[in-house]
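Kindly produce the complete structure, drawing on both the sequences and the hints.
Residues per chain are reported as follows:
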Amino acid sequence: MTTAFRSADRPSTPPHPRTGAALSRDLRNRGRRRLLREDALTALAWASGAAAVALYLADGGAGQFTSPSPALTAIGVVAGLIGTDLVLVMLLLAARIPLIDNAIGHDRAMAVHGKLGKPALYLILAHMVFLLLGYGMADGLNPIAEGVSMWVNLPDMWLAFISIVLFIAVVVTSLVAVRRRFPYEFWYVVHLLTYAAVLTALPHQFSVGGLFADGQWQRWYWIAFYVVVLAALLRYRIYAPLALTFRHQLTVQRVVPAGDGAVNVELTGLRLEELAGSGGRFFIWRFLAPGMWWHHHPFSLSADPVAGRVRITVRDLGRGSASLMTVKPGTKVSVSGPYGLFGHAARTRAGLVLVGSGIGITPLRAILERAEFEQGQATVILRASTPGTLYLRDEIAELCRQRGATLYELVGHRARTGNTWLPRHQTGQRLADYVANLSDSDVYVCGPDKWAESVLADAKATGLAGTQLHRERFDW
Amino acid sequence: MRARAAAAAALASAGILAAGWQAGNQVIEASSTTGVAKTGTGATGNAGAGDSTGPASGGAGSSTGTGGTGSSGGTGSSGGTAGSSGSQGSSSSASLKNGTFNGPSEDTRFGTVQVAIVVAGGKITDVKSLHLTDAERRSQMISAYAAPILRSEVLKAQSVNVDTVSGATITSDAYLTSLQGAVDAAHA
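If you're matching them up, the sequences are chains Z and W in order. Each residue of the first sequence is one higher than the one before, counting from 1 in this note's numbering. Each residue of the second sequence is one higher than the one before, counting from 1 in this note's numbering.
Check the hints yourself; a few may be wrong.
[To be verified] Far from chain W, some chain Z residues (derived; all Cβ distances over 12 Å): (1) 20; (2) 88; (3) 107; (4) 128; (5) 150; (6) 269; (7) 288; (8) 297; (9) 298; (10) 316; (11) 415; (12) 437; (13) 454; (14) 456.
[Claimed, not checked] Which stretches of chain W does chain Z cover? Using the computed rule of at least three CB atoms under 8 Å from a CB of chain Z, they are: (15) 18–26; (16) 99–105.
Source of the hints: derived by calculation from the structure; they are not laboratory data. Note that the coordinates shown come from a computational prediction; the quantities given were computed from them, not determined experimentally. Glycine included, C-beta positions come from ideal geometry on N, C-alpha and C.
Following this line, the structure appears as structure tokens:
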């Protein structure tokens with residue numbers, strides 16, 4: 001492959017080479033600090049839920065459980081408080097806040113976000129049902145009549161009822177079974193309704209609920225929480241991408257073939273050296289051309305920036321990425337990131353194992369370029385069904401030779417039994433057979449879901465801790 | 001979740017909940033003591049303070065001084081003695097003494113309700129809400145919505161036998177009970 005991104009063009013050593021024990025100690029400490037952050041954030045998330053309940057207890061909520069109607073009302077209020085807290089936590093998880101991203105990574109943050117969706121909806125539904133029952137019992141009305149009466153007589157309640165419909169729509173379209181039936185864009189637009197749902201739910205919390213009425217200190221906590229979430233979204237979902245896009249002014253320079261069904265997209269821009277060292281962490285790209293701008297693509301750089309240019313390697317995986325095969329030179333590109341933990345910051349051990357399949361090989365190329373390791377401490381395993389899909393193979397081979405990493409290329413159709421991440425003729429072998437120092441290594445895996453899970457299962461069976469395993473999901 | 005994260009989460013959550021619980025107990029105690037203080041027996045007769053708000057209400061204007069001093073209640077009752085001789089006759093609730101009569105405080109789970117009636121010429125000319133359900137913001141809104149309806153119904157019917165306001169049953173019941181007490185006081 002002839003491109004300007006051959007590794008011979010730049011120094012192959014990382015900026016601060018460290019060796020042996022020092023490197024090992026640094027990496028372990030780094031891993032410990034990251035775990036501490038992760039645990040602290042986990043505790044904080046739970047504490048926020050407890051705080052939501054405590055707000056109500058502090059208002060004398062525990063005194064409501066003396067007779068049925070106030071008890072139902074109290075359950076409804078608490079459900080609404082926890083449900084809303086979960087929604088706010090979900091928004092924070094989706095806000096791409098560096099503190100969260102650096103601690104648990106983007107895909108795990110989004111996995112937690114996804115897991116909280118249904119509980120949040122159930123709690124908000126319970127909020128409505130229990131309050132209708134409780135208020136209805138107090139007023140001598142059935143829940144439906146109570147609902148109508150609230151819609152008519154109380155301010156902002158009609159907005160709250162609209163909000164709950166929007167929440168239902170957002171969660172239902174995100175259920176895996178439903179989501180598969182619709183195009184991504186449909187899901188995305190419906191998901192944007194989350195903001196409408198959150199905003200329409202807001203007024204009744206302050207005007208109808210007594211807990212957040214004027215003069216209550218709880219009101220200030222609740223407002224502050226909303227303000228923090230809003231500020232995080234504005235800062236990291238809107239300002240950061242715009243700022244990065246304007247800072248680097250990326251423009252497509254050329255598109256060149258890079259193996260079967262894949263291309264290298266090379267972009268020029270300003271101050272690109274600042275993007276160096278992102279390793280396999282991904283950026284979100286938008287190509288600002290007619291018919292393309294609304295697709296956003298998560299790609300990592302497939303090489304560190306060189307001489308005013310960056311490069312991504314893209315495979316035609318349908319939908320938006322097909323049109324990238326023919327993107328015109330001169331197209332402006334918006335970018336944000338880098339996101340995720342699939343980079344140097346996640347290292348915990350001196351050994352390095354990079355396992356990639358198909359187009360999942362490309363982020364490994366960027367990691368390999370800058371990763372710190374001693375000669376013989378790194379192993380690269382490339383996996384493909386056919387030789388043509390061993391993307392960037394030549395570049396990686398050259399990097400391995402320069403940096404003293406061991407390279408395996410495993411080509412062939414996958415095994416049906418046993419270790420299914422291996423080609424058929426290698427069944428029976430294990431990851432440990434390829435990597436001498438596996439137990440003291442970080443394993444980075446990038447490729448199709450099932451395949452990657454098979455690699456990770458193999459590594460776990462050898463006794464590797466979860467903190468040593470790193471995986472980038474390419475299919476979200 | 002790792003053990004350390006679980007422990008930290010449990011500890012932080014428990015601490016926050018305990019603090020909330022503790023603060024809540026003080027709130028409950030405080031509200032129960034004020035609750036007792038609120039529940040005085042329904043004072044019958046003329047409460048001067050209640051009367052001085054007269055200008056807001058329509059009918060009773062003649063007896064209450066616009067100056068609104070505390071003595072106005074007295075004026076009202078003295079003016080009324082002449083009228084106590086069943087001259088109006090139209091209503092079965094005859095022989096109401098002229099003046100302002102407070103009903104008893106009625107406790108509900110949403111707060112206390114107490115009303116007063118103003119009688120002039122043997123008729124109920126005004127119903128004043130001395131206290132309405134206010135335990136929650138929602139209760140305040142319900143009473144704000146229900147009280148004017150009840151007041152106009154009572155003035156029209158000249159009786160406590162009016163329909164409760166739907167969606168405000170508890171407030172209505174307490175309102176009419178307190179009203180009944182006020183009417184009884186006017187009869188005495």
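Now the hints, each set against the structure:
Non-interface call for residue 20 of chain Z relative to chain W: holds, since the shortest CB-CB distance, roughly 29 Å, exceeds 12 Å. Every beta carbon of chain W lies more than 12 Å from that of residue 88 of chain Z, the smallest distance being close to 16 Å; the non-interface claim holds. Taking the minimum C-beta to C-beta distance to chain W, about 17 Å, the non-interface status of residue 107 of chain Z holds against the 12 Å cut. Residue 128 of chain Z, annotated as away from the interface, keeps every beta carbon of chain W farther than 12 Å; the closest lies near 14 Å.
The beta carbon of residue 150 of chain Z is not kept farther than 12 Å from every beta carbon of chain W, the shortest such distance being approximately 8 Å. No Cβ of chain W comes within 12 Å of the Cβ of residue 269 of chain Z; the nearest lies about 40 Å off, and the non-interface call holds. The beta carbon of residue 288 of chain Z is kept farther than 12 Å from every beta carbon of chain W, the shortest such distance being approximately 42 Å. Listed as a non-interface residue, residue 297 of chain Z keeps its Cβ farther than 12 Å from every Cβ of chain W; the least gap is roughly 32 Å.
For residue 298 of chain Z, the non-interface assignment is confirmed: its Cβ lies about 27 Å from the closest Cβ of chain W, beyond the 12 Å cut-off. Remark: the non-interface label on residue 316 of chain Z is consistent with the geometry, its nearest Cβ contact in chain W lying 40 Å away (cut-off 12 Å). At roughly 34 Å from the closest C-beta of chain W, the C-beta of residue 415 of chain Z stays outside 12 Å, upholding its exclusion from the interface. With a least CB separation of 25 Å from chain W, residue 437 of chain Z remains clear of the 12 Å interface cut-off, as annotated.
For residue 454 of chain Z, the requirement that its beta carbon stay farther than 12 Å from each beta carbon of chain W is met, with the minimum near 25 Å. The claim that residue 456 of chain Z lies off the interface holds: its Cβ sits roughly 18 Å from the closest Cβ of chain W, which is beyond the 12 Å cut-off. Given as covered by chain Z, the region 18–26 of chain W passes the check, having 6 residues with a CB less than 8 Å from a CB of that chain where 3 are the minimum. For a cut-off of 8 Å, the count of residues in the region 99–105 of chain W with a CB near a CB of chain Z stands at 0, and the three-residue condition is violated.
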